[in-house]
Amino acid sequence: MAKGKVEIDAEACKSCLFCIKTCPKNVLDITDAVNSKGYQYVVPVNAEECIGCAMCATICPDAAITVYR
Amino acid sequence: MEIVYKKPSNLSETQPNNFCPGCMHSTAWKLIGEVLDEMELTEKCVWIAGVGCVANAHRYIELDQFNQPHGRACAGASAFKRCNPDTFLFTYQGDGDLAAIGLGETISAANRGDNFTVIFINNGIYGMTGGQMAPTTLIGSKTTTTPFGRTAGEHGYPIHMCELLNTLQAPSYIARCTTADVPNVRKTKNCIRKAFQNQLDGKGFSFVEIISNCPTNWGMTPLESLDYIHDVVLKEFELGEFRCR
Numbered sequence: 150m151a152k153g154k155v156e157i158d159a160e161a162c163k164s165c166l167f168c169i170k171t172c173p174k175n176v177l178d179i180t181d182a183v184n185s186k187g188y189q190y191v192v193p194v195n196a197e198e199c200i201g202c203a204m205c206a207t208i209c210p211d212a213a214i215t216v217y218r
Numbered sequence: 033m034e035i036v037y038k039k040p041s042n043l044s045e046t047q048p049n050n051f052c053p054g055c056m057h058s059t060a061w062k063l064i065g066e067v068l069d070e071m072e073l074t075e076k077c078v079w080i081a082g083v084g085c086v087a088n089a090h091r092y093i094e095l096d097q098f099n100q101p102h103g104r105a106c107a108g109a110s111a112f113k114r115c116n117p118d119t120f121l122f123t124y125q126g127d128g129d130l131a132a133i134g135l136g137e138t139i140s141a142a143n144r145g146d147n148f149t150v151i152f153i154n155n156g157i158y159g160m161t162g163g164q165m166a167p168t169t170l171i172g173s174k175t176t177t178t179p180f181g182r183t184a185g186e187h188g189y190p191i192h193m194c195e196l197l198n199t200l201q202a203p204s205y206i207a208r209c210t211t212a213d214v215p216n217v218r219k220t221k222n223c224i225r226k227a228f229q230n231q232l233d234g235k236g237f238s239f240v241e242i243i244s245n246c247p248t249n250w251g252m253t254p255l256e257s258l259d260y261i262h263d264v265v266l267k268e269f270e271l272g273e274f275r276c277r
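Quick mapping for you: the protein sequence lines, in order, are chains A and B.
The numbers in the first sequence follow my numbering, run straight up by one, and end at 218.
The numbers in the second sequence follow my numbering, run straight up by one, and end at 277.
Hints are computed from structural coordinates only; laboratory data are not their basis.
Any given hint could be a false lead.
[What the hints assert, rightly or not] The calculated lysine-lysine pairs, modelled on DSS-like cross-linking and capped at a C-alpha distance of 30 Å, are:
no.	chain 1	residue 1	chain 2	residue 2
1	B	Lys76	B	Lys267
2	B	Lys219	A	Lys174
3	B	Lys221	A	Lys154
[Unchecked claim] For the chain B half of the interface with chain A, some residues (derived, Cβ under 8 Å), not all of them:
no.	residue
4	Glu34
5	Ile35
6	Tyr37
7	Leu43
8	Gly54
9	Cys115
10	Ser140
11	Met160
12	Val214
13	Val217
14	Lys219
15	Leu255
None of these values were measured; they are calculated from a predicted model.
Quick reminder that beta carbons are idealized off the backbone N, C-alpha and C, glycines included.
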């Protein structure tokens with residue numbers, strides 16, 4: 150079972166990719182899905198690897214990520 | 033599981049955040065929101081906007097606010113704070129606002145030691161008006177008004193606001209930080225907290241400069257702009273606390 154969990158507000162995401170670069174466990178990535186503004190939003194593709202360190206949420210400019218641990 | 037991180041309460045859930053993708057104005061606002069929440073200042077806080085991209089924050093930030101004419105945020109803040117000394121007050125200004133047209137007001141307010149906080153976003157360019165040269169633009173940077181790059185002979189050197197204000201007697205807190213990576217985001221939050229605490233303690237003028245990016249007008253992707261800050265901008269603008277009383 151994963152130690153942490155991330156929830157991403159797809160409508161707030163602007164696809165700057167800061168979180169993907171920052172995540173130490175490569176949990177996050179973009180997919181082909183787009184939100185209503187046309188941005189390819191970020192999703193947790195390796196959710197079971199998440200350790201809940203909240204580095205993605207710390208760097209996210211748009212406060213789109215909620216982290217649980 | 034417990035929540036370790038969530039959006040600060042004073043950022044709007046319904047209004048859109050109009051800043052560009054990867055713009056660190058948003059990061060700065062997020063940090064200000066977190067600090068205000070933690071210090072329980074959201075209800076007694078007023079902020080004063082400068083001009084420029086700051087205007088994107090008006091509806092997104094759910095705090096009491098008013099706008100000053102170009103560059104005059106520090107002058108308005110001095111007046112407001114003297115009439116309402118119990119209100120917690122900060123100004124939020126960019127480099128075109130604070131370091132160019134508002135240079136006189138900023139230095140005068142700092143020299144008087146008026147008891148409020150200035151958050152200064154330095155991205156080295158005029159963002160809202162289309163990427164013109166700012167006083168903080170680096171030597172050699174190409175902008176729409178310096179298409180062959182800024183030269184010292186023609187345009188002068190970049191202004192270092194922290195060092196400039198550090199020559200004055202009155203300011204109580206002067207720091208320069210950046211939000212280009214996670215450790216620095218956490219340091220920036222600490223700097224903002226100290227500056228706000230100085231105001232609550234009545235110590236006088238406090239100033240936090242945040243080295244930021246402008247991917248749109250720098251002509252870069254957000255990730256490239258992070259590397260540019262580390263490789264180029266921070267070589268010119270040294271980080272650190274210049275004064276802490």
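Outcome of the hint check:
{"no.": "1", "hint": "Lys76(B) / Lys267(B)", "in the structure": "violated (38 Å)"}
{"no.": "2", "hint": "Lys219(B) / Lys174(A)", "in the structure": "holds (23 Å)"}
{"no.": "3", "hint": "Lys221(B) / Lys154(A)", "in the structure": "holds (24 Å)"}
{"no.": "4", "hint": "Glu34", "in the structure": "holds (6 Å)"}
{"no.": "5", "hint": "Ile35", "in the structure": "holds (6 Å)"}
{"no.": "6", "hint": "Tyr37", "in the structure": "holds (4 Å)"}
{"no.": "7", "hint": "Leu43", "in the structure": "holds (6 Å)"}
{"no.": "8", "hint": "Gly54", "in the structure": "holds (3 Å)"}
{"no.": "9", "hint": "Cys115", "in the structure": "violated (33 Å)"}
{"no.": "10", "hint": "Ser140", "in the structure": "violated (33 Å)"}
{"no.": "11", "hint": "Met160", "in the structure": "violated (17 Å)"}
{"no.": "12", "hint": "Val214", "in the structure": "holds (5 Å)"}
{"no.": "13", "hint": "Val217", "in the structure": "holds (5 Å)"}
{"no.": "14", "hint": "Lys219", "in the structure": "violated (11 Å)"}
{"no.": "15", "hint": "Leu255", "in the structure": "holds (6 Å)"}
Checked against the numbered hints above, the structure breaks hints 1, 9, 10, 11 and 14 and satisfies the rest.
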